[in-house]
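Chemist: Here are the chains, one letter per residue:
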Amino acid sequence: SAVISQKPSRDICQRGTSLTIQCQVDSQVTMMFWYRQQPGQSLTLIATANQGSEATYESGFVIDKFPISRPNLTFSTLTVSNMSPEDSSIYLCSVAPDRNYGYTFGSGTRLTVV
Amino acid sequence: AQSVTQLGSHVSVSEGALVLLRCNYSSSVPPYLFWYVQYPNQGLQLLLKYTSAATLVKGINGFEAEFKKSETSFHLTKPSAHMSDAAEYFCAVSAPQGAQKLVFGQGTRLTINP
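Here the protein sequences line up with chains A and B, keeping their order.
Under the working numbering, the first residue of the first sequence is numbered 1, with each subsequent residue one higher.
Under the working numbering, the first residue of the second sequence is numbered 1, with each subsequent residue one higher.
Hints were generated in silico from the structure; no laboratory data involved.
In this text the structure is predicted, and so the values were computed from the model without any measurement.
Do not take every clue at face value.
Here are some, though not all, of the chain B residues that point toward chain A, as calculated from beta-carbon distances under 7 Å [unchecked claim]: (1) Lys49; (2) Thr51; (3) Ser52; (4) Leu102; (5) Gly107.
In silico negatives: residues of chain B with every beta carbon more than 12 Å from chain A [as the list claims (entries may be wrong)]: (6) Val4; (7) Ser12; (8) Gly16; (9) Ala17; (10) Asn24; (11) Ser27; (12) Ser28; (13) Lys58; (14) Asn61; (15) Gly62; (16) Asp85; (17) Glu88; (18) Gln106; (19) Leu110; (20) Thr111.
Yeah, the Cβ is synthetic: ideal placement off N, Cα and C, and Gly gets one too.
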């Protein structure tokens, strides 16, 4: 299965600032997925990122707030913009090179906005 | 569209007792189904998956699940609970074709009593 390196692992940020989260995969994948896990909650898909095209956002998530880059088949970034305390969550990236083997997740970025 | 419902946000069992975590799915096409475990302050680990092969699926750490199409269920079981099984468990579903996103249930927190 694929191995994902996600960073930073955690950060404490001031409201109104932005944070960019990076995910590097050890193999080429068509799609990368970005999830948010709010405190004590399940995972919610933010967007699906394809290389060479704009990301597809889920209902309730917009590009201005969560811009995504996908410059090649092994790398993606998610930016959390103009942060507020409500953005405090764990953000995870995920890939599924072959769904018969399941989805692999990064270790997550624990974001606290103060 | 796919969705999953996990019955019981919190399940508590005694060490050595049977573990049963319930998951029901809704899907317009034959689904792929997954169980993930999340230990405190850690990432997601795949326990097992159903991808249209055998309906009884065995996973890691002694867990197994049975896909029952007639009941639209994919319940997770373990014959004898161990203290180390205490964690959050997530059931998830995706479609085999088309949009490959993974949709999660609400999660079930498993507590093991000595």
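Chemist: Taking the hints in turn, state whether each one holds.
Modeler: So, going through the hints one by one against the coordinates:
no. : hint   : verdict
1   : Lys49  : holds (5 Å)
2   : Thr51  : holds (5 Å)
3   : Ser52  : violated (9 Å)
4   : Leu102 : holds (5 Å)
5   : Gly107 : holds (5 Å)
6   : Val4   : violated (10 Å)
7   : Ser12  : holds (17 Å)
8   : Gly16  : holds (28 Å)
9   : Ala17  : holds (25 Å)
10  : Asn24  : holds (15 Å)
11  : Ser27  : holds (14 Å)
12  : Ser28  : holds (17 Å)
13  : Lys58  : holds (14 Å)
14  : Asn61  : holds (15 Å)
15  : Gly62  : holds (18 Å)
16  : Asp85  : holds (19 Å)
17  : Glu88  : violated (9 Å)
18  : Gln106 : violated (5 Å)
19  : Leu110 : holds (15 Å)
20  : Thr111 : holds (15 Å)
When the structure is compared with the earlier hints, violations turn up for hints 3, 6, 17 and 18 and for no others.
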